[in-house]
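Top to bottom, those sequences are chains A and B.
Residue 89 in the numbering used here sits at position 89 of the first sequence, with consecutive numbering throughout.
Residue 38 in the numbering used here sits at position 38 of the second sequence, with consecutive numbering throughout.
It cannot be assumed that every hint is accurate.
[Unchecked claim] Per label pair, the in silico range of CB-to-CB distance:
(1) A184/B - R11/A: 20 to 30 Å
(2) R11/A - V152/B: 24 to 34 Å
(3) S109/A - R15/B: 27 to 37 Å
No wet-lab data here; the hints were simulated from the structure.
For each residue, glycine too, the CB sits at the ideal point set by N, CA and C.
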Amino acid sequence: MLVHADGLWKRFKGVAVLRGLTLAVPEGSTLALVGANGAGKTTTMKVLMNLLEPTAGTATALGVDTRRLSPRELAQIGYVSEHQQLPGRMTVSAYLDYLRPFYPTWDRSLESEIIGQFRLPTNRRIADLSHGMRIKTALACALPFRPRLLLLDEPLTGLDPLVRDEFIDRLKRQAGETTILVSSHELSEIEEVTTHVAFVDRGQVTFQEGLNDLTSRVRRVTLMLAENVPTPAGLRGEWLDVRRSGTVVSFVDTQYSAVDLPAKVAAVFGPVHRIDTEPIALRTIYTSLARAARDQQEASA
Amino acid sequence: MIWHIFQKDCRQVWRLAAIVAFAHMANAALRLVLGPFNQPRGLVTFAELFSVATLLGMCALIVAAVQEDVVPGASQDWLIRPIRRRDLLAAKLLFVVVVAQGPALLADIVHGIVAGLGLGDSVSAALSRSAVMVLVFDMPVLGLAAISSTLVQVMGTVIGIWLAVMVGVFAGILARGGAPPAFANSGIQWMTPAYWSVLACSAAAVIIPLQYFRRATKESRRIVVGAVLLAPVLSVSAWTSAFAVQQQLSPHAPFADSIRLAFAADTSAVSSMPAGTKTRTLLVPLLVSGLPADTVLMNDRAEIHLVASDGATLYRGKTTPTLGYGNDFVVRTTDGGEVRTRQQIVLPEQVYARLRNQSVRMEIDYSLTLLERSGAATIPARDGDQRMAAFGRCRSRIDDDGDEIELGCLRSGPAPTCVSATLESVRGGPRNPTHWSCDPDYSPFQVHLYPAATSRFTTSVDLTDLRETMEPAADRSQLDDALVRIKSYQPAGHFTRRLVVPEIHVLP
Chain A
1 MLVHADGLWK RFKGVAVLRG LTLAVPEGST LALVGANGAG KTTTMKVLMN LLEPTAGTAT
61 ALGVDTRRLS PRELAQIGYV SEHQQLPGRM TVSAYLDYLR PFYPTWDRSL ESEIIGQFRL
121 PTNRRIADLS HGMRIKTALA CALPFRPRLL LLDEPLTGLD PLVRDEFIDR LKRQAGETTI
181 LVSSHELSEI EEVTTHVAFV DRGQVTFQEG LNDLTSRVRR VTLMLAENVP TPAGLRGEWL
241 DVRRSGTVVS FVDTQYSAVD LPAKVAAVFG PVHRIDTEPI ALRTIYTSLA RAARDQQEAS
301 A
Chain B
1 MIWHIFQKDC RQVWRLAAIV AFAHMANAAL RLVLGPFNQP RGLVTFAELF SVATLLGMCA
61 LIVAAVQEDV VPGASQDWLI RPIRRRDLLA AKLLFVVVVA QGPALLADIV HGIVAGLGLG
121 DSVSAALSRS AVMVLVFDMP VLGLAAISST LVQVMGTVIG IWLAVMVGVF AGILARGGAP
181 PAFANSGIQW MTPAYWSVLA CSAAAVIIPL QYFRRATKES RRIVVGAVLL APVLSVSAWT
241 SAFAVQQQLS PHAPFADSIR LAFAADTSAV SSMPAGTKTR TLLVPLLVSG LPADTVLMND
301 RAEIHLVASD GATLYRGKTT PTLGYGNDFV VRTTDGGEVR TRQQIVLPEQ VYARLRNQSV
361 RMEIDYSLTL LERSGAATIP ARDGDQRMAA FGRCRSRIDD DGDEIELGCL RSGPAPTCVS
421 ATLESVRGGP RNPTHWSCDP DYSPFQVHLY PAATSRFTTS VDLTDLRETM EPAADRSQLD
481 DALVRIKSYQ PAGHFTRRLV VPEIHVLP
């Protein structure tokens with residue numbers, strides 16, 4: 001594992017933002033850290049970069065305790081965040097000139113390629129750039145040294161579609177060569193490059209698995225009931241986002257199994273005319289899970 | 001990578017650095033124009049404001065360089081870069097020494113050389129000043145910059161610190177019933193800025209590594225608050241402790257051991273005179289004996305206790321710290337031996353009314369400083385211009401009114417504590433009365449910090465003796481052959497004496 005967090009806790013003024021978060025990012029993967037606002041994604045990223053010290057628990061990056069990350073490790077880690085404060089008074093080219101000597105593996109041809117792809121105005125001050133240009137600048141400063149690990153914290157927030165496409169395109173080219181940990185709300189965009197998903201809720205990773213496994217086990221199921229029987233109270237817990245229109249019932253099955261589903265459906269609704277299943281996008285999986293978590297939270301409150 | 005980071009900072013703030021460097025040079029040029037006589041007067045205020053502005057510019061330059069890589073917070077880009085913290089800190093220190101302090105050093109050296117102080121003196125004074133400035137000014141500014149994110153925050157912090165220290169000092173004054181701190185305006189007043197400097201320097205020495213190696217901004221800010229709380233402590237400390245420290249810091253002067261103070265009246269009678277409507281001044285005759293030749297004895301402070309025959313305290317007070325101008329005395333002697341003087345004691349009228357009808361025991365605890373001659377030289381009275389080892393580069397001239405010879409000197413390091421000037425003819429004969437000017441400063445540090453490494457002092461001698469008690473040795477017609485003999489005096493020892501007069505009678 002290139003990144004490993006074990007039982008991370010982080011409190012700010014007594015408020016726990018991370019509550020024993022555990023996470024593992026396999027080498028070569030692109031792991032999407034998915035969760036609602038305030039779930040703890042940014043804090044996790046900052047702990048992994050040693051920008052924040054965890055209150056308890058441990059985290060390692062490149063096999064080193066994040067609290068002891070030295071320039072040797074940092075020379076192999078790229079980090080881009082929407083909150084990143086780049087030196088605004090420097091021009092893009094001056095900043096690249098400044099950074100180059102710190103990275104022994106800096107690839108100038110890759111730097112030129114990225115600048116060309118992003119059409120970065122290298123002679124302008126960073127402070128004078130638009131938000132999108134600044135994010136692209138941050139990425140242009142994070143990739144030319146071919147990092148082993150790339151941490152992207154909400155990099156797509158506030159970017160227009162064209163810039164997003166350019167950004168994703170660059171990530172696609174980088175994927176495989178670099179292990180990527182990305183937190184983003186723009187799930188439809190990052191799905192293309194994601195290999196693994198970790199769902200963060202209230203400071204904990206509620207589950208983590210490969211994207212293929214996830215999309216295989218989470219399916220939208222649509223039933224055509226034989227009779228207009230009422231929907232029983234207390235449906236199975238793994239069925240989320242249940243909707244009904246007459247004899248048509250649809251839900252997200254988070255434990256889908258083609259073999260077991262007919263029996264489970266029959267046990268709840270009786271005989272059905274038809275069962276249709278379809279894979280669903282990561283974004284829908286996320287919203288279904290998030291909504292269920294929120295409902296559960298409200299119910300328990 | 002130190003040099004690489006340093007170069008980056010230089011490239012980023014070179015405009016401000018150039019402005020501040022120019023300001024240092026302009027400052028030096030202004031001081032040269034003002035010369036040893038600090039004239040023309042119209043330029044003095046501008047020069048003073050310009051010096052302050054230059055210092056603020058220097059402060060802004062340090063802050064700008066440090067905040068090129070802001071330390072507080074968790075979003076700064078440099079934090080995620082493979083930059084060694086010690087390299088970053090070393091680069092900032094290099095910037096402070098070379099870019100912020102370097103031009104000041106250069107300006108001091110150029111100023112000293114052009115003013116005629118000589119290369120060696122100019123360089124050594126400039127180096128001493130810059131070294132101290134780095135410690136007591138640049139490092140604290142660096143520390144403040146390292147706990148802030150913007151120049152505005154630094155300015156706010158500085159204003160806050162200043163206000164808090166002033167509140168502390170004024171609270172002390174109020175607690176003393178309106179009296180200033182025990183050693184304000186005295187020769188040991190250097191302790192207050194020295195204490196503040198040590199406090200600021202110590203706080204910076206803790207904060208800077210704390211910020212750069214642990215980024216512990218909260219702890220660092222607490223240290224600033226702690227230093228601010230400690231700042232007024234010295235202003236509430238007692239005179240006796242402060243003077244004891246001064247004694248420890250000064251070399252032992254064996255000849256001071258022989259100095260004695262005694263009540264000098266044949267009878268126990270003490271005269272008095274009115275001093276305002278509600279006060280009266282006792283004139284206590286004193287005999288100071290055992291004085292070495294060519295010395296000055298300064299009464300830094302006298303704690304006075306007047307006790308009635310029944311043991312009740314009638315008066316307890318102290319002399320004002322304004323040497324030579326209040327109820328204090330300065331004894332100057334050329335030949336040494338014994339000198340008669342008077343201790344003035346200003347009493348409220350009601351205390352005086354109680355005293356005059358009874359015999360009183362008088363106890364006075366003196367804190368004294370003996371100054372010995374540190375240099376002597378002569379300079380032509382009219383349009384003299386010469387370099388003198390103990391005084392620096394001096395000039396003499398007749399003042400605008402035509403009744404005084406003015407003497408102005410520029411010197412590397414601080415000005416002498418006391419200077420005497422006597423107008424005399426080269427052919428010998430009588431001399432005009434000696435004019436003395438004293439500005440007591442018993443600081444053990446031979447460094448002049450502000451506004452430059454050189455200090456300026458002036459004195460003057462009357463062309464005619466206004467008291468008309470003796471013929472002037474040098475009148476205008478003789479000025480071409482007249483000299484001003486100047487002597488400087490520096491503290492040689494600090495000591496205490498206790499004078500007890502068992503019985504005095506205050507005369508009406």
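Hints the structure fails to honour: 1
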